[in-house]
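**Student:** Sequence:
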Amino acid sequence: MSLVYITHHDENILECEQDFEKTQGPKESIFVYKNPVVERAANYARKLRERFNEEDKKLSVILQNDGTRVLTEAKKSAHRTMGCAHTPIDPPCAYLRKSQGIKWRRENTHKCPKMPPMPPLPPPGSGGKKPAMVPNFIKRNKLCAGQTVPCPPPPRYVDTPVGARHDLLNSGLVPQFICRKDFGKVPVYLKKTKRMLADMNAVCAKEQARLLELCRGIKGFTRASVQSSGPPPMPGMRVMEQAERNEILEGLRLSLTEMTKQYQSMSLLIDSIAKRQRKSKLESDLRQVEQDILLIETTPIIYVSEY
Numbered sequence: 001m002s003l004v005y006i007t008h009h010d011e012n013i014l015e016c017e018q019d020f021e022k023t024q025g026p027k028e029s030i031f032v033y034k035n036p037v038v039e040r041a042a043n044y045a046r047k048l049r050e051r052f053n054e055e056d057k058k059l060s061v062i063l064q065n066d067g068t069r070v071l072t073e074a075k076k077s078a079h080r081t082m083g084c085a086h087t088p089i090d091p092p093c094a095y096l097r098k099s100q101g102i103k104w105r106r107e108n109t110h111k112c113p114k115m116p117p118m119p120p121l122p123p124p125g126s127g128g129k130k131p132a133m134v135p136n137f138i139k140r141n142k143l144c145a146g147q148t149v150p151c152p153p154p155p156r157y158v159d160t161p162v163g164a165r166h167d168l169l170n171s172g173l174v175p176q177f178i179c180r181k182d183f184g185k186v187p188v189y190l191k192k193t194k195r196m197l198a199d200m201n202a203v204c205a206k207e208q209a210r211l212l213e214l215c216r217g218i219k220g221f222t223r224a225s226v227q228s229s230g231p232p233p234m235p236g237m238r239v240m241e242q243a244e245r246n247e248i249l250e251g252l253r254l255s256l257t258e259m260t261k262q263y264q265s266m267s268l269l270i271d272s273i274a275k276r277q278r279k280s281k282l283e284s285d286l287r288q289v290e291q292d293i294l295l296i297e298t299t300p301i302i303y304v305s306e307y
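For the sequence shown, full-length UniProt numbering begins at 1 and goes up steadily by one.
In case anyone wonders, no lab produced these hints; they're calculated from the structure. Do not take every clue at face value.
[Stated by the list, open to error] In silico lysine-lysine, BS3-like type, Cα no more than 25 angstroms apart, as pairs:
#1 K103 x K114
#2 K139 x K111
#3 K194 x K206
#4 K261 x K279
#5 K192 x K181
#6 K181 x K191
#7 K206 x K192
#8 K194 x K181
#9 K98 x K114
Just so you know, these numbers come straight off a predicted model, no measurement behind them.
Take these sequences, add in the hints, and give me the full structure.
**Tutor:** As C-alpha cells, then:
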C-alpha cells in the first residue's frame, strides 16, 4: 500500500469552473463569490507551508564548498518526504577517484569559559605567604634518574664465534649449589617425617606396656600375643570364633556359586533396559560377595557386638 504525501497546498478548486469555462465556453448561470471560510483555510495552509519550508532548510548536515559535510546540532525536520522522484546520480568522472568520498567533521561549538584573572603576587620582602605552586615533576624526575643506582647486567658467557651469549647462572659452569648453607645436609621434611615416626612408635610401645600390665594374670598372654592378636575387646564386644567364621564363609561361597550360575545363564543378547539393569545388579552383587569373602579370609581378628 502506498501513501501520498501532499507537500504543496496551493490548489484552489474555485478556479476549476473558470478554467472549464475558458476551455468549454460560458455557462448560462455563473455565480462566483469569496467564501471567508475558504479564505481562512487558504491562509492557514499558506502559513503551514511556509513553516514546513523553514523546517526543511534546517538541515542536520551542511555540505561545504570543499566537499566536507558538517554535522550540526540542529534537529531534523519533523516532516519529510520519501525523497526525490528521480535520485540525482553523480557524473561518471566523479567515480573511482582517490579521496573523493564523503568527509565528515563534527562541528566544534565549544567555547572555553572566561576565567577570572589570577591575583597579583606580593612584592618581594613584604613577608607575604608564597602561593602554593605545582611541583616541577620534570626536574624531580631528572634528579631521581641521576641518583638511581644502575642495575648491573647479569653475568653471561659467549660460546660461539658469532657471539651467542647465555646466562652464566644455572648453566653448570660455576659452583652455585655447593655454596648454599644446606648443601649436603638432610632436608627438613625428612627430619620431620623421622620425628613423627619415632613419636608414633613410642605411643605404640606405651600402649603395649599398658596392656601387659592389665593382662599379666591371664595364662598364655605374652608380648608376642599382644603384637599378633591386638588389644583385648572393649566391653560389649567379643572376638568372632572360628566355627562362626567358617559358617559365614560357607554361606558366602554358596551365594557366590548361585549368583554365578544366574549370571552365566543370562541371554547373550541384551536388547532391553530390564536385561541391562538385571546384569548390572548381578555384577555388583558378585563383586560385593567376593570382597566380603576376601575380608573374612584375610582378617585374623574380627570383633562382633554382643547386643
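**Student:** Each hint: holds or not?
**Tutor:** Each hint tested on the structure:
1. For the suggested pair K103 and K114, the alpha carbons sit about 33 angstroms apart, so the restraint of at most 25 angstroms is broken.
2. Taking the CA atoms of K139 and K111, the gap is near 33 angstroms; set against the 25 angstroms cutoff, the hint is violated.
3. Using a Cα cut-off of 25 angstroms, the hinted pair K194 and K206 holds, with the two alpha carbons roughly 19 angstroms apart.
4. Between K261 and K279, the direct Cα distance comes to roughly 12 angstroms. Compliance with the 25 angstroms bound is thereby established for this hinted pair.
5. Proposed proximity of K192 and K181 is supported: the alpha carbons are some 19 angstroms apart, at most 25 angstroms.
6. The hinted pair formed by K181 and K191 meets the criterion: a straight-line CA distance of about 17 angstroms does not exceed 25 angstroms.
7. Taking the CA atoms of K206 and K192, the gap is near 21 angstroms; set against the 25 angstroms cutoff, the hint holds.
8. For the given pair, K194 sits about 22 angstroms from K181 by alpha-carbon distance, which is consistent with the 25 angstroms threshold.
9. Straight-line distance between C-alpha atoms of K98 and K114 comes to about 43 angstroms, which puts the hinted pair past the 25 angstroms bound.
Violation of the numbered hints given earlier is confined to hints 1, 2, 9; the remaining hints are satisfied by the structure.
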